[in-house]
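In the order they appear, the protein sequences are chains A and B.
Be aware that the first sequence starts at 1, since it is given in the numbering used here, and climbs by one per residue.
Be aware that the second sequence starts at 1, since it is given in the numbering used here, and climbs by one per residue.
Please keep in mind that the hints were generated in silico from the structure rather than gathered at the bench.
Computed list of lysine-lysine pairs in BS3-like fashion (alpha-carbon distance at most 27 Å, straight line):
{"hint": "1", "chain 1": "B", "residue 1": "K473", "chain 2": "B", "residue 2": "K494"}
{"hint": "2", "chain 1": "A", "residue 1": "K87", "chain 2": "B", "residue 2": "K328"}
{"hint": "3", "chain 1": "B", "residue 1": "K318", "chain 2": "B", "residue 2": "K328"}
{"hint": "4", "chain 1": "B", "residue 1": "K492", "chain 2": "B", "residue 2": "K458"}
{"hint": "5", "chain 1": "A", "residue 1": "K56", "chain 2": "B", "residue 2": "K328"}
{"hint": "6", "chain 1": "A", "residue 1": "K8", "chain 2": "A", "residue 2": "K87"}
{"hint": "7", "chain 1": "A", "residue 1": "K90", "chain 2": "B", "residue 2": "K328"}
{"hint": "8", "chain 1": "A", "residue 1": "K2", "chain 2": "B", "residue 2": "K365"}
{"hint": "9", "chain 1": "A", "residue 1": "K2", "chain 2": "B", "residue 2": "K367"}
{"hint": "10", "chain 1": "A", "residue 1": "K37", "chain 2": "A", "residue 2": "K74"}
Here are a few chain A residues that sit away from chain B, every Cβ distance over 12 Å (derived from the structure):
{"hint": "11", "residue": "A22"}
{"hint": "12", "residue": "P32"}
{"hint": "13", "residue": "P38"}
{"hint": "14", "residue": "D39"}
{"hint": "15", "residue": "A41"}
{"hint": "16", "residue": "L44"}
{"hint": "17", "residue": "A46"}
{"hint": "18", "residue": "S49"}
{"hint": "19", "residue": "A50"}
{"hint": "20", "residue": "V82"}
{"hint": "21", "residue": "V85"}
One-sided excerpt, in silico: chain B residues whose CB lies under 10 Å from chain A:
{"hint": "22", "residue": "E8"}
{"hint": "23", "residue": "V189"}
{"hint": "24", "residue": "A197"}
{"hint": "25", "residue": "A264"}
{"hint": "26", "residue": "N289"}
{"hint": "27", "residue": "P305"}
{"hint": "28", "residue": "I330"}
Note that CB positions come from ideal geometry on N, CA and C, so glycine has one too.
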Amino acid sequence: MKPGTRLKSAACDTEVMVIRAADGTIECGGAPMGEAKPDEAAPLSADFSAGTLMGKRYVDTDGKYELLCVKPGKGSLSVDGVALVVKDAKPLPASD
Amino acid sequence: MNIALLLEMAAEAAPDRVGLVCDGKRWTYGDLLEAARGAFELIQESEAEYVALLDESSEAAVIAVFGAALAGVPYCPLNYRLPDADLGALLGRIAPALVIGDEERVIRIAGDQGHTVFTREEFTLKAQETYPADDAREYDPGEGVAIQLFTSGTTAAPKAAILRHSNLLGYILGTVEFASADESDAALVVVPPYHIAGISALLSSIYAGRKIVMLPNFTPEEWLRLVEAEAITNAFVVPTMLTRIITAMENGVTAELSTLRAVAYGGGKMPLEVITKALGLFPEAGFTNAYGLTETSSTVALLGPDDHREAFASDDPKVRARLASLGKPIPTVEMEIRGENGEVLGPGEPGEIYVRGEQVSGEYKEKSALDPEGWFPTRDAGYIDEHGYLFLSGRADDVIVRGGENMSPGEIEDVLLTHPAVADACACAIPSVEWGEAVGVAIVPREGCDAPDEQELKDLVRARLRSSRVPEKIAVVGELPYNEMGKLLRRKVKELLAE
Chain A
1 MKPGTRLKSA ACDTEVMVIR AADGTIECGG APMGEAKPDE AAPLSADFSA GTLMGKRYVD
61 TDGKYELLCV KPGKGSLSVD GVALVVKDAK PLPASD
Chain B
1 MNIALLLEMA AEAAPDRVGL VCDGKRWTYG DLLEAARGAF ELIQESEAEY VALLDESSEA
61 AVIAVFGAAL AGVPYCPLNY RLPDADLGAL LGRIAPALVI GDEERVIRIA GDQGHTVFTR
121 EEFTLKAQET YPADDAREYD PGEGVAIQLF TSGTTAAPKA AILRHSNLLG YILGTVEFAS
181 ADESDAALVV VPPYHIAGIS ALLSSIYAGR KIVMLPNFTP EEWLRLVEAE AITNAFVVPT
241 MLTRIITAME NGVTAELSTL RAVAYGGGKM PLEVITKALG LFPEAGFTNA YGLTETSSTV
301 ALLGPDDHRE AFASDDPKVR ARLASLGKPI PTVEMEIRGE NGEVLGPGEP GEIYVRGEQV
361 SGEYKEKSAL DPEGWFPTRD AGYIDEHGYL FLSGRADDVI VRGGENMSPG EIEDVLLTHP
421 AVADACACAI PSVEWGEAVG VAIVPREGCD APDEQELKDL VRARLRSSRV PEKIAVVGEL
481 PYNEMGKLLR RKVKELLAE
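Next up, chain A with everything else stripped away, as it sits in the complex (with noise of 0.2 Å):
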């Protein structure tokens, strides 16, 4: 998956740009994301249902993937069925 590919969830609004991936299956609310919205909607996962909020970033503990949210939803990002969390970044004064 190349850096900047946006993927859209299949369960939610969710949208996201990836920053950094490898082969495993980036999935929002429990499914699959993909580049395009399917035609029917997936169900929402009720494990995978805590939300996005935009302009976060959410990795995976091995630091493989860093995706960065673009649109907010109901799901929440997982990669292989592992949660992902949000990178927590400490703020800096702003220097410009």
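Once you've looked at the hints, dock chain B against the given chain A.
Just chain B, lined up with the frame of chain A:
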């Protein structure tokens, strides 16, 4: 990844929020994105290979940078202060370009280069009135160059530094939290559009959701007036501006400044006297010293508000000395000090500053300056102390930085040497409260000649170069210090001039 994403996200999250105020006109994020999309159409139609700006800061700079990004064409803001011949040569290097700004001048000096030229007003209006021919526009994926900036070219012809979308996005995403600003936050932007800080200010404020207030022509009075009128919360200044603001305040110019929470500065050496006064005059503001270069997409190290206040309040000379420091590298950047043979130096040892990170491009159109491991040699000299604070000792190549303007000692020396009574000359930086640094020169009179009159030498430099190059201090010496290899020891001349 395309930097246009920053504006797209701001417009998606808050289309009706005011993102920009310029000349009294207010632009929402939605307005700006729509105009950038209109600019994309104009750029496509022109078949330009670059989008250039030859103008002061205005909404056109924002529309142009994002319009160019959407079109996948590098945005190249130019220094309008350059003489015609130099500017014409730069325009020639980016032809054919869509040039926005001083139409009359472009036609006069580069009329035969195939550019498409718009005045600011024409460009802004057309960008607003032009809509995509169909809804499903394919915008550029952002795999190439977003911005090209010509270096000031003090030693040779200006180099074309390039910043890729990935460098700039690496910087913004790594240092700015999306929509983290309150709706009442407002940043006062006074840096010219052709400076990296002028570009990074636009990108970071838009991503943070902080309203940009532009002041194209800095005067301390207008700066103070705008802080009050627009309830400014954040401001970036170069040291010279801060000096002038303080002088104006000391001379009785008053303004309501209580909204001002954060003042960042950079672009040159800040005199200790000035920052100390500023900390006293703005007791509520947090000060941040930012160190960065064009080739690093802006800030790579910073001294934050807490460090400033701690140093200001301390009696410990070592802690107090941090007011002159550039702070610590930001978390997303690696930094090393290296010696002459490339060896990594330890705390306190002076050498050349090297940086590495996503935001570090270190790339020129002609070639990349990165080493095989991705490190960029900044050509700045400095050291990191035992607590991790970075101190800059000067330019590795002795460039004099006067009020943010870089000047090469060589060009001043060359002019002085044209005087029949001057046998040898050395120009170097001397400390200046107003400008950070100013030009000092030492001259050796030709044998059998009397030393020329100071005013005569100043007039000579003024006539041949710009007035900023005129030496503030002139010393007459019997000979200049050279080492055994015949290399001029500028440091010794500096010491002599400081006496």
